[in-house]
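Chains as they are written, first to last, in the UniProt record's numbering: chain A, 1 to 343; chain E, 1 to 343.
One or more hints might be untrue.
For chains that are exact copies, the list does not tell them apart, and a pair is met inside one copy or across any two.
[To be verified] Mimicking PhoX-like on lysine-lysine, the simulated pairs with C-alpha atoms at most 20 Å apart in a straight line are:
(1) 49 x 124
(2) 290 x 49
(3) 290 x 43
(4) 83 x 124
(5) 49 x 209
(6) 43 x 209
(7) 43 x 74
None of these hints come from the bench; they were simulated from the model.
There are 2 protein chains.
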Amino acid sequence: MPVGTAATVKAMLPENVRATGADILLGNTYHLMLRPTAERIAKLGGLHKFMNWDRPILTDSGGFQVMSLAQLRKLTEEGVTFKSHIDGSRHMLSPERSMEIQKLLGSDIVMCFDECPALPADRKRIEQSMELSMRWAQRSRDAFGDRPGHALFGIQQGGLEEDMRARSADALRAIEFDGYAVGGLAVGEGQEAMFACLDYAPEQLPQDKPRYLMGVGKPDDIVGAVQRGIDMFDCVLPSRSGRTGQAQTRMGQVNLRNARHADDPRPLDPECTCPCCTQYSRAYLHHVHKAQEMIAGMLLTWHNLHYYQELMQGLRDAIAERALDEFVAVFHARREQGDLERL
Amino acid sequence: MPVGTAATVKAMLPENVRATGADILLGNTYHLMLRPTAERIAKLGGLHKFMNWDRPILTDSGGFQVMSLAQLRKLTEEGVTFKSHIDGSRHMLSPERSMEIQKLLGSDIVMCFDECPALPADRKRIEQSMELSMRWAQRSRDAFGDRPGHALFGIQQGGLEEDMRARSADALRAIEFDGYAVGGLAVGEGQEAMFACLDYAPEQLPQDKPRYLMGVGKPDDIVGAVQRGIDMFDCVLPSRSGRTGQAQTRMGQVNLRNARHADDPRPLDPECTCPCCTQYSRAYLHHVHKAQEMIAGMLLTWHNLHYYQELMQGLRDAIAERALDEFVAVFHARREQGDLERL
Chain A
1 MPVGTAATVK
11 AMLPENVRAT
21 GADILLGNTY
31 HLMLRPTAER
41 IAKLGGLHKF
51 MNWDRPILTD
61 SGGFQVMSLA
71 QLRKLTEEGV
81 TFKSHIDGSR
91 HMLSPERSME
101 IQKLLGSDIV
111 MCFDECPALP
121 ADRKRIEQSM
131 ELSMRWAQRS
141 RDAFGDRPGH
151 ALFGIQQGGL
161 EEDMRARSAD
171 ALRAIEFDGY
181 AVGGLAVGEG
191 QEAMFACLDY
201 APEQLPQDKP
211 RYLMGVGKPD
221 DIVGAVQRGI
231 DMFDCVLPSR
241 SGRTGQAQTR
251 MGQVNLRNAR
261 HADDPRPLDP
271 ECTCPCCTQY
281 SRAYLHHVHK
291 AQEMIAGMLL
301 TWHNLHYYQE
311 LMQGLRDAIA
321 ERALDEFVAV
331 FHARREQGDL
341 ERL
Chain E
1 MPVGTAATVK
11 AMLPENVRAT
21 GADILLGNTY
31 HLMLRPTAER
41 IAKLGGLHKF
51 MNWDRPILTD
61 SGGFQVMSLA
71 QLRKLTEEGV
81 TFKSHIDGSR
91 HMLSPERSME
101 IQKLLGSDIV
111 MCFDECPALP
121 ADRKRIEQSM
131 ELSMRWAQRS
141 RDAFGDRPGH
151 ALFGIQQGGL
161 EEDMRARSAD
171 ALRAIEFDGY
181 AVGGLAVGEG
191 QEAMFACLDY
201 APEQLPQDKP
211 RYLMGVGKPD
221 DIVGAVQRGI
231 DMFDCVLPSR
241 SGRTGQAQTR
251 MGQVNLRNAR
261 HADDPRPLDP
271 ECTCPCCTQY
281 SRAYLHHVHK
291 AQEMIAGMLL
301 TWHNLHYYQE
311 LMQGLRDAIA
321 ERALDEFVAV
331 FHARREQGDL
341 ERL
C-alpha cells in the first residue's frame with residue numbers, strides 16, 4: 001500500500017498511483033485529524049472523495065505517530081493527550097476517538113488503537129504495553145460496532161518476545177477481527193531480529209485472515225516477510241526515497257544523484273515499463289534531481305511505486321504457482337549481480 | 001508557450017503539458033548552457049529527446065537571463081562574459097555562441113542574441129543598445145546559416161521610443177527573419193506603457209510573419225496584446241503562480257491560500273474541464289497547499305496552463321470569426337463579475 005499521509009501520495013496524482021497497480025492506499029489518522037481535521041473531511045464527503053481515490057483506503061489508528069511526532073504526550077489507561085507538531089494545539093486520542101475519526105474519514109480498513117514501545121525495551125515494559133494494547137483492542141472493537149463493508153484489524157504486540165506475541169495473538173483471536181497486523185516491528189531492531197520474530201509471529205495469528213506488517217519496508221524486507229507468511233505491507237520508502245533521488249530496481253538501489261549518471265543515456269531499468277524508465281534517461285533524471293526540479297521526485301516516485309507493485313505481483317504469482325523459492329532466489333541473484341556491476 | 005526553463009515545465013509531466021493544448025515549449029539557453037550544458041544535451045540526442053517533448057521547442061538567446069541572473073557581467077561589442085549564478089564558473093555568450101548553443105539543443109525556433117536595457121533608461125542608452133542588438137541580429141543571421149525546418153526570429157528593441165522601434169524594425173526587415181519578437185517590454189514599465197508601445201510596435205513589423213511578445217504575461221496583458229497584433233507569447237506566470245497557490249480563472253485570480261476556501265466543496269472553476277477542476281474541491285487545493293504537498297503545485301499548474309491555452313484558443317477562434325471585440329468584452333465582464341463576487 002502506498003502511503004498517502006496528508007490525503008496525497010507525495011509527488012503523485014491518484015490516477016497515476018492507480019496506474020502503478022496499487023489497490024489500497026494508507027491514510028494517516030494522526031496527520032489528517034490535525035489538518036484539515038476529520039470533521040472537515042467528513043463534511044466534504046469523506047477521504048475518498050476529498051483526495052480523489054475511489055478504491056479502498058486503510059487508515060492507521062494514529063497511535064504510532066502520536067508517539068513519534070507529537071509533543072508533550074501523556075499516556076493513561078484512557079488514551080493519549082498530546083500537542084500537535086503543526087500548531088501546538090492540544091488533542092486526545094483514545095480507542096473510541098480513533099474509531100470515530102477513522103469513521104469520519106470513511107476508512108474501509110480501520111486499525112485498532114494501540115500502544116507500541118520503542119525497542120529495545122525490557123520485558124516488563126513490553127508486557128505492560130501489550131496488555132494495554134489488548135484492552136484498547138477490545139475497546140476499539142466495541143466502539144467500531146457493526147459496519148458491514150468495513151473491516152477492523154487487530155494489532156499484535158509483544159516486542160521480540162515469542163511468549164508475549166503468543167499471548168497477544170490469543171487475546172486478538174478471542175476478540176475476533178477481520179485481519180491482523182504484526183505491530184511494533186521495523187522500529188530499529190534490524191532485519192535479522194525482525195525476521196526472527198516473523199519466524200513465529202504470523203503463525204500465531206489466524207491463517208485465513210489477512211496478515212499485515214506495518215511500516216515495512218525495503219524490497220528484501222518485504223520478500224523475507226512474505227516468505228514468513230505476511231500478506232500486506234505499507235511503507236513510505238518508495239515515495240520518500242524517490243524524492244531524494246533513490247530508485248529501487250531489480251538490480252538493487254540506484255542513486256541518481258551520483259555524477260556517474262550525468263552522461264548515461266540508458267534508462268534507469270531497461271526492463272521496467274513505467275513512464276520514468278520508458279521515456280527518460282539516467283542523465284535526465286540526474287539533471288532534474290540536481291536542478292531540484294519537481295519532475296525528479298514525480299518520476300522516481302512513480303518508478304518506485306511501480307517497482308514495488310510489480311514485486312508484490314511477482315510474489316503473488318509465484319505463490320499461486322507454488323514457485324516462491326525460485327522467485328526469491330532470482331530476486332536475490334539479480335541484486336547481487338547489480339552489486340557486482342557497480343563495483 | 002509554457003516555459004520549460006531547465007528542461008522541464010515545473011511540476012508537470014510533458015504529456016500533461018501537451019494535454020493542456022500546448023504546441024510549443026520554451027527552453028532557456030542560459031540555464032541549459034550552465035546545467036547540464038548544451039554539449040551534454042547534444043550528445044544525449046538533443047533537448048526534445050532529453051526532456052521527452054517531440055513537438056516544437058523555441059529557445060531564447062540567453063541574453064535576457066545573463067543580464068538578470070548572472071554575476072559579474074561584462075558587455076562588449078563581441079558579447080557578454082559572466083559568472084554562472086549556479087557555480088561561479090566563467091562563460092561567454094555572443095551571437096555566434098548563442099546560435100551554436102541553440103543548434104546543439106536542437107531548437108526549432110531560434111532567437112537572435114540581443115541586449116535589452118532595463119527601463120527606465122535614457123534615449124541615448126536605449127539607442128546604443130538597440131543599435132548593438134541590430135548588429136548582433138546580423139551576426140546571429142550570419143551564424144545561423146541555412147537550416148531548413150528551423151526558424152530564426154529577430155527581436156525588435158528601442159524601449160518606449162516609437163522612432164527607435166521603427167528604426168529597429170527596419171533593420172530587422174532588411175536582414176529578414178522567419179518571425180519577429182517585440183523585445184524589451186514587460187520589464188517593469190507597467191501595462192499602460194506596454195500597451196502604448198504595442199499600439200505601434202507590432203505594425204512596424206512584417207504582417208505576414210509571427211509576431212511574438214516575449215515574457216508576457218497576465219491574462220489581461222495577453223488579451224490587450226492580441227488586440228494590438230501579437231500572435232505568440234511565453235510566460236512563467238501560469239506555472240510559477242500555480243506553485244504559490246494562485247489560480248487564473250475566467251473570474252480572475254483566485255488565491256487558494258485564503259482560509260475562506262478551507263470548507264469550500266466547489267471546484268476552482270466549475271466551467272473548466274481540467275483535472276484540477278473536475279476532480280478536486282477548493283477545500284482540497286487549500287489543504288494540500290497549506291500542507292506544502294507537491295500535488296498543490298502540480299494541480300494548480302495544470303489548471304493554469306489549461307486556462308491559458310483555452311484563452312489563446314478562444315482568442316484564435318474569435319479572430320477567425322471576426323468577433324474579437326465581443327470576446328474581449330465578455331473576458332473583461334466576467335473578471336469584473338468575479339471581483340464583485342469576492343467583495
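At most 20 Å between alpha carbons: which applies to residue 83 and residue 124, within, between, both or neither? neither (28 Å within a copy, 64 Å between copies)
When Cα atoms must be at most 20 Å apart, do residue 43 and residue 209 count as within-copy, between-copy, both, or neither? neither (33 Å within a copy, 55 Å between copies)
Identical-chain pair category, residue 49 with residue 124, by Cα at 20 Å: neither (44 Å within a copy, 62 Å between copies)
Is it within, between, both or neither when you check residue 290 against residue 49 at 20 Å Cα-Cα? between (36 Å within a copy, 19 Å between copies)
Is the C-alpha distance from residue 290 to residue 43 at most 20 Å within one copy, between copies, in both cases, or in neither? For residue 290 and residue 43, only the inter-copy Cα distance (19 Å) is at most 20 Å; the intra-copy one is 42 Å.
Intra- versus inter-subunit Cα pairing at 20 Å for residue 43 with residue 74: neither (30 Å within a copy, 61 Å between copies)
At most 20 Å between CA atoms: does that hold for residue 49 and residue 209 within a copy, between copies, both, or neither? For residue 49 and residue 209, neither the intra-copy (28 Å) nor the inter-copy (49 Å) Cα distance is at most 20 Å.
Comparing the model with each numbered hint stated earlier shows that hints 1, 4, 5, 6 and 7 do not hold.
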